[in-house]
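> Take a look at the letters that make up each chain.
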Amino acid sequence: MPPDDSPSAATATSGQRVRSSKLTRPDLLEMYRVMALSRTLDERVWLLNRQGKAAIVAAAQGHEAAQIACVFATDPSRDHYLIYYRELTTLLAVGLTPLDLLKGFLSKEGEPMSGGRQFPTHGACRNVDLFSFSNVVGTQLPQAAGVALADKMRGEPNVTVVYFGDGAASQGDCHEAMNFAGIHRLPIIFFCENNRYAISVPLSKQMAVENIAARAAGYGFPGVTLDGTDPIGVYEAVYAAAERARNGGGPTLIEVMVERLFPHTSDDDHTRYRSAEDLRQMRSRDPLPTFEAQLRKAGILDDATHDRIWSEAKRLVNEATEEAEAAPYPQVDQFTRHVFAES
Amino acid sequence: MPPDDSPSAATATSGQRVRSSKLTRPDLLEMYRVMALSRTLDERVWLLNRQGKAAIVAAAQGHEAAQIACVFATDPSRDHYLIYYRELTTLLAVGLTPLDLLKGFLSKEGEPMSGGRQFPTHGACRNVDLFSFSNVVGTQLPQAAGVALADKMRGEPNVTVVYFGDGAASQGDCHEAMNFAGIHRLPIIFFCENNRYAISVPLSKQMAVENIAARAAGYGFPGVTLDGTDPIGVYEAVYAAAERARNGGGPTLIEVMVERLFPHTSDDDHTRYRSAEDLRQMRSRDPLPTFEAQLRKAGILDDATHDRIWSEAKRLVNEATEEAEAAPYPQVDQFTRHVFAES
Amino acid sequence: MAVMTVLEAVRQAMLEEMRRDSRVFVMGEDIGARGGVFLATDGFLQEFGEQRVIDTPLAESSIAGIAIGAAVNGMRPIAEIEFADFVWPAMNQIVGEASRIRYGTNGNKFAPLVVRMPYGGGVRGGLYHSQTIDVVFAHQPGLIVIAPCTPYDAKGLLKAAIRADDPVVFLEHKRTYRLVRGEVPEEEYILPIGKADIKRAGSDMTVVSYGLMVHYCLEAARKLSDEGVEAEVVDLRTLAPVDRETFLESVRRTSKAMVVYEDNRTYGIGAEIAATIAQDAFHDLDAPVVRLAGPDVPAMAFAPPFEAEFMLSPEKIAAAMRDLAAY
Amino acid sequence: MAVMTVLEAVRQAMLEEMRRDSRVFVMGEDIGARGGVFLATDGFLQEFGEQRVIDTPLAESSIAGIAIGAAVNGMRPIAEIEFADFVWPAMNQIVGEASRIRYGTNGNKFAPLVVRMPYGGGVRGGLYHSQTIDVVFAHQPGLIVIAPCTPYDAKGLLKAAIRADDPVVFLEHKRTYRLVRGEVPEEEYILPIGKADIKRAGSDMTVVSYGLMVHYCLEAARKLSDEGVEAEVVDLRTLAPVDRETFLESVRRTSKAMVVYEDNRTYGIGAEIAATIAQDAFHDLDAPVVRLAGPDVPAMAFAPPFEAEFMLSPEKIAAAMRDLAAY
Ligand SMILES: Cc1ncc(C[n+]2csc(CCOP(=O)(O)OP(=O)(O)O)c2C)c(N)n1
Ligand SMILES: Cc1ncc(C[n+]2csc(CCOP(=O)(O)OP(=O)(O)O)c2C)c(N)n1
Ligand SMILES: [Mg+2]
Ligand SMILES: [Mg+2]
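Protein chains in written order, with the working numbering: chain A, 1 to 343; chain B, 1 to 343; chain C, 1 to 327; chain D, 1 to 327.
One should not assume that every hint holds.
Unchecked claim - Every beta carbon over 12 angstroms from chain D, so not counted as near; a handful from chain C, in silico:
#1 S99
#2 P185
#3 K223
#4 D226
#5 R265
#6 D280
To be verified - Restraint ranges, calculated between C-beta atoms of paired labels, are given here:
#7 B:R272 x A:E210: 39 to 47 angstroms
#8 C:D165 x B:R50: 38 to 46 angstroms
#9 D:R124 x B:D307: 57 to 65 angstroms
#10 D:L179 x B:R50: 33 to 41 angstroms
#11 B:E277 x D:E186: 37 to 45 angstroms
#12 D:E186 x C:R252: 56 to 64 angstroms
#13 A:D333 x C:D280: 35 to 43 angstroms
#14 D:G194 x C:D286: 32 to 40 angstroms
#15 C:Q46 x D:P304: 53 to 61 angstroms
#16 C:D286 x B:V332: 40 to 48 angstroms
#17 B:R50 x D:P192: 51 to 59 angstroms
#18 A:T97 x B:E210: 46 to 54 angstroms
#19 B:E156 x C:R20: 53 to 61 angstroms
Unchecked claim - List time: in silico SDA-like cross-link candidates among lysine to any residue, alpha-carbon distance up to 20 angstroms:
#20 A:K108 x C:R265
#21 C:K195 x B:V339
#22 C:K316 x C:D280
#23 A:K108 x C:A308
#24 C:K109 x B:L47
Treat the hints as calculated values from the structure; they're not laboratory data.
A quick note: this is a predicted structure, and the numbers were derived from the prediction, not measured.
Note that beta-carbon positions come from the ideal geometry of N, C-alpha and C, so glycine has one too.
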């Protein structure tokens, strides 16, 4: 881990970049802060589900480090994010607030992504080009290729990041998207959050190879497998891939090995299909304590900062919960709107 | 080319095989005979199309060597063939007659595969497990995985061969089928007849890699690329793959590089999209003269045998043409049958 | 007689058929150790092993395609699509292929597979876990489409589907899974495919429906009965080939007809039923055929008020019945 | 006025829009050097180059998905599906996704793409080059579905589709491509989406149709006219959202209605039209609404007698008109 306060500007060749190829100490602290906020919010929504208030929750716990790194290494002010459904950290990182998200979980009026029409975290943002249209796994991949194609046609050096899981990699759409992206050298990052399970189906029943990254060779672009609990490693790989994409170098498949610390969703019970040993190993790969230890060792995080970050997260989530719970449901007359363009 | 009259029985470990790992001289002559018959018939149906009698023709010319080798290296008495639409040689090799096929091209009564309901060469055979249900490219691949799965479940050591083109390899179904076959180590051969074009779309617009065989690694089984104008090389590779499949070794992707000597179908004009140079090179890779020269050099084929084979082919095709032309169309009342099981 | 839920009836039908016939096997996402997301295959892995209880990769087109291939090669696959909303990638294999195998081979081959899928709304499923996907299957000749609504029907029809020599799409309304309980005989029985069932006799109007809506129609009919109006409720059970005789015969007696379906209204299942009644019972009708259905919005939205607005209810149906009775 | 074929009208509509708006581009199989298998994009590669004329891999789901992504990101893609029969792999992206983007994002995003596809029979296409695939699109709220039958309509409606801010499925009947010629204004024009068109006025009955069948209905109407019966022929043009007012108004005048469609009869487009007429013009009808359609077999078979038996013809339609007139 090489924290550094002085970013080297050399590699930022194109357009406005938020960060440089090397993360600064404030960057690292900020990453930790968002991860803590995500964890706090995630725990809250799970609780709200258990209280019968949130109908469905897919926890991002275990994926936080990879998600924050991916957003930090790209530019939410211009890049495109076609996210998956387990992306709480990604959503906080691009700028959604706990209140925005809680309104989604409770489907309350003012929910910004779908007006309460969709499952939490689905829909599209207004200020950032981030979206997740559907729950149908895999559809986002060709769509992302199309988003990237449009940028390429207009000569705009933006990157499209498309998120998917190890399960999604089996869909025909994944193959078709990667094949097209390879042929047209599209500015796209295929960001696979491999947590070794698709609901209950383990990797060994999902594919006959060890890593999804192995497929990239069949599409003519690089693929790498990374430890998704290491945000700095992921940052560097995504940063490099994004630079290459902006400069006409084409797609990259980045596979991050993460753990799904919770059951698939609040409707699932993973003890039905995961062994005690598997669950124990999984817990040992929680990215939060690891990253915290790294930051402490590097002298970036001390007790006071740590406590401030977590108590601040708790306060934000508490306030947002209160406000979201108090908010009304959307007006029913909204539900016939936006079928077609309103002229 | 090592022609040999005494087959080594050593490799034929399982069940009844028609041939051994090494082709005998009679085998080679028989292969040439079927290729000549296929070529003669193909030329005839193209003519019938130009005369307005055959509505649609997809010529197999250029693919004959690969097709005959694949059938010879497997066992039509028990293996399964899910064919593509450019498989005249395959069909003759498994035992259909020129008359059967001509009735298909002219959609006459007694056509054995679909009763005249489908395009020529589509439907299913009665005596051999060979079928081609639809014109929708790619659908045969998961279906073939299912056929192989059924054999595996029952412990029957049969091989499923599924045929497809370079274009078909882009379909999501191709990915899904290969992925599943790899996971379950199915007894299947993915037989890709790569003729560098999908109608007008050249390989460079179909994929970013050189060979489709490169994809096999991503599914955990071997893939090879062969010269599809060399029937002996193709025979040996398919034979080995079939043996492995029968013995629980799982799938193989065999890609044969062939030429499509004619336009895509009788509705196409390839001069719209192929350069004069490309067409010239293509013609130089006609497998028939090459194989003929090989056989002559090895002393297997002489002028008399050659002339007998071709004149016999012509006679068969002539007679079949006459009979097929004279045959009536199917009875119209047949067309509401076989929607559901007839009890 | 045992009392059980629709879900349990579905599970038992498969269990019995798998015990009876070694060609029958199940495949789909999470059907193994997990026992299916709704637990329809709970315990199957333990009893039948990994060979006959196949957890597939997340790839619906291949789930259907592999089932087709296995069926053509002598097996009796039951493929589960986790939610009907996710069947779209498999449409090509189901609607485009399975339906035409017998016809396109002149009867040389056939594909006896069953594709089961939970469908329907009222479960806070939002746009992509609430869809009613039926007309696309029912419109395709060569496919049998079944949509039962009681445990008795579910068990008897699923067993019939597994034994049928043709491809069957078997639609299970999610909301009925645990909500609807009913008696199921201990002994084996099979119900006929292609026969509608009069779930309630009545002389004042005929109400044709299927799935969850049958229960809502029955509830509405009970209310109307208190008001002196007797509605006959016909459950289609098989959507294709559809049993026209049963509902036409009913309409000829009652002279008034209503069709109730949960899906979007326009070009939905109810259009065919209404058109058939209007054509074939034209002279018997005392009023136009009423269609009650979901609104023409792209899908059921997530927030409770949206879902309530989309879904029909016994109250909404009773109101429409009242209007029709008064016509 | 220039006289041209439907195919040429389609080509010119795209050509003009691509010249007018740099966001418009075409993509699909063989549309580049080949100019499309029907030559609808003949010359486009030469004029607009590889960036705007994209020969895609053979993968329909991605063709639709990529078009969606490009549309959401500011472009105006026109995706060609080579034959409608091959659109099934793309159903998930078209019906499941494109239709719900605006709705599912509460209007934050929208997908202005056009998916064109040649469809229909009577061309010796056999099971997989003859299909009429329309009800599956038309049933999905959020999709616009257009099926023109003349060069004038094809051009004016395709231009409207390209400019529309919603996803459009544009169905071109293959048999009309070269068979049907008609006048097309030299100057630019746009036709309104969602408006049916009375192709022939008449007072004795209303015949509702679309696509190739409109021409057959017109031919039949001309025959009937010689016999003293005047049929009004309504061309739906837009299948969704469907223009009910135009045909209802006509039926109210004529008191007799017939719906003619090429596709399999049951659960087809005509069911909705017939049900709507039977419900909303109930008291105006002097006879049951007649539906004439293709038979319920899995698809159109290849041999000439089979194809002739499947397809409606002016003669078959005239016979049904005669019966209805005599009713
Ligand atoms: C097409 C489709 N099939 C099935 C589902 C049901 N489903 C939702 S998530 C999921 C597993 C996805 O696994 P993975 O891609 O590994 O993501 P993870 O949940 O592990 O993050 C499944 C099967 C779906 N949403 N879409
Ligand atoms: C799903 C689908 N899309 C498009 C077509 C139209 N089509 C028929 S053959 C073909 C090209 C296939 O190319 P390839 O797989 O390379 O086989 P080849 O004809 O070269 O032998 C296309 C695009 C089709 N039949 N099915
Ligand atoms: Mg996973
Ligand atoms: Mg090819």
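> Does each hint hold? Answer for all of them.
The hints, checked one at a time:
1. The claim that S99 (chain C) lies off the interface is violated: its Cβ sits roughly 5 angstroms from the closest Cβ of chain D, which falls inside the 12 angstroms cut-off.
2. At roughly 33 angstroms from the closest C-beta of chain D, the C-beta of P185 (chain C) stays outside 12 angstroms, upholding its exclusion from the interface.
3. With a least beta-carbon separation of about 24 angstroms from chain D, K223 (chain C) lies farther than 12 angstroms from that chain, consistent with its non-interface assignment.
4. Non-interface call for D226 (chain C) relative to chain D: holds, since the shortest CB-CB distance, roughly 28 angstroms, exceeds 12 angstroms.
5. Not every CB of chain D is more than 12 angstroms from the CB of R265 (chain C) (nearest about 9 angstroms), against its label as outside the interface.
6. Look at D280 (chain C): its CB is around 7 angstroms from the nearest CB on chain D, not clear of 12 angstroms, so calling it non-interface is violated.
7. In this structure the hint that R272 (chain B) and E210 (chain A) lie 39 to 47 angstroms apart at CB holds, the actual value being about 45 angstroms.
8. At roughly 42 angstroms, the beta-carbon separation of D165 (chain C) and R50 (chain B) lies within the given 38 to 46 angstroms, and the hint holds.
9. In this structure, R124 (chain D) and D307 (chain B) break the distance hint of 57 to 65 angstroms, their C-beta atoms being roughly 38 angstroms apart.
10. Between L179 (chain D) and R50 (chain B) the CB atoms are about 22 angstroms apart, so this pair departs from the stated range of 33 to 41 angstroms.
11. Checked against the hint of 37 to 45 angstroms, the pair E277 (chain B) and E186 (chain D) passes, with Cβ atoms roughly 42 angstroms apart.
12. As the Cβ distance of E186 (chain D) to R252 (chain C) is approximately 58 angstroms, the hint placing it in 56 to 64 angstroms holds.
13. Hint check: D333 (chain A) to D280 (chain C), Cβ distance near 39 angstroms, so the stated range 35 to 43 angstroms holds.
14. About 34 angstroms separates the C-beta atoms of G194 (chain D) and D286 (chain C), a value consistent with the hinted range of 32 to 40 angstroms.
15. For Q46 (chain C) and P304 (chain D), the hinted distance range of 53 to 61 angstroms is satisfied, since their beta carbons lie about 57 angstroms from each other.
16. Between D286 (chain C) and V332 (chain B), the C-beta spacing of about 42 angstroms keeps the proposed range 40 to 48 angstroms intact.
17. Taking the beta carbon of each, R50 (chain B) and P192 (chain D) are about 46 angstroms apart, not inside 51 to 59 angstroms as hinted.
18. Between T97 (chain A) and E210 (chain B) the CB atoms are about 49 angstroms apart, so this pair conforms to the stated range of 46 to 54 angstroms.
19. Taken as a hint, the range 53 to 61 angstroms is violated for the pair E156 (chain B) and R20 (chain C), whose Cβ atoms sit roughly 22 angstroms apart.
20. Taken as a hint, the K108 (chain A) and R265 (chain C) pair is broken in the structure, with Cα atoms around 27 angstroms apart against an allowance of 20 angstroms.
21. Restraint check for K195 (chain C) and V339 (chain B): satisfied, since their Cα atoms lie roughly 18 angstroms apart, inside the 20 angstroms limit.
22. At most 20 angstroms may separate the alpha-carbon atoms for a hinted pair to count; K316 (chain C) and D280 (chain C) exceed this at roughly 27 angstroms.
23. Using a Cα cut-off of 20 angstroms, the hinted pair K108 (chain A) and A308 (chain C) holds, with the two alpha carbons roughly 15 angstroms apart.
24. Proximity of K109 (chain C) to L47 (chain B) is assessed by CA-CA distance (about 32 angstroms); at most 20 angstroms being required, the pair is judged violated.
In summary, the numbered hints that this structure violates are 1, 5, 6, 9, 10, 17, 19, 20, 22, 24.
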